[in-house]
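Construct all of the structure, not just a fragment, from the sequences and the given hints.
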Amino acid sequence: MQTSLIIGLLALLAVGVAVGLQGTLTSLLGQQTTPIWAGFFIHLGGAVVGAVIIAVAHRDAWPVTLDASLVRTILITGILGMIVLPGIAFAFPRTGLVAGQSTIIFGQMLIAVLVDTLGWAGRAPLSLDPQRLAGLLLMAVATYLLLPR
Numbered sequence: 001m002q003t004s005l006i007i008g009l010l011a012l013l014a015v016g017v018a019v020g021l022q023g024t025l026t027s028l029l030g031q032q033t034t035p036i037w038a039g040f041f042i043h044l045g046g047a048v049v050g051a052v053i054i055a056v057a058h059r060d061a062w063p064v065t066l067d068a069s070l071v072r073t074i075l076i077t078g079i080l081g082m083i084v085l086p087g088i089a090f091a092f093p094r095t096g097l098v099a100g101q102s103t104i105i106f107g108q109m110l111i112a113v114l115v116d117t118l119g120w121a122g123r124a125p126l127s128l129d130p131q132r133l134a135g136l137l138l139m140a141v142a143t144y145l146l147l148p149r
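Mapping to this note's numbering: the sequence shown position 14 is 14, numbers consecutive.
Label pairs and their computed distance ranges (CB to CB): (1) Val141 x Ala57: 36 to 46 Å; (2) Pro93 x Pro125: 37 to 47 Å; (3) Leu110 x Met1: 24 to 34 Å; (4) Ile7 x Gln32: 35 to 45 Å.
Since the hints were made in silico from the structure, they are not lab data. Backbone N, C-alpha and C define an ideal beta-carbon position, used for all residues, glycine too.
In structure tokens, the structure reads:
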């Protein structure tokens with residue numbers, strides 16, 4: 001394997017651990033407040049941390065040009081974030097963390113296959129071949145097996 005691929009996979013493993021921890025804490029925060037407040041507080045905390053990182057490490061990268069396309073993308077991702085985080089805060093106490101994370105990952109895989117197949121992420125489209133379909137089926141079966149009984 002290429003060194004850059006290994007580094008990328010290790011970075012993604014760290015991101016996966018962070019997502020797992022965030023899901024756990026989001027679930028707890030949603031139980032202590034409400035799912036909507038949990039989503040709001042998490043975004044607020046992330047904004048504070050992001051502002052500190054920008055102030056310390058990325059001072060020379062400012063100002064960012066906020067054209068209409070960038071503002072639209074920011075608003076859409078903010079809306080999606082307010083679906084994701086309250087959704088986790090609402091659902092995880094009902095599904096358990098493993099089934100919840102697995103279902104999220106399955107949903108991400110469905111969107112990723114669609115984006116890759118249609119070439120929406122700025123790359124050439126990737127064919128939806130039997131191997132990729134089998135991978136999705138395997139993910140669906142794994143998610144089903146992880147559901148609480």
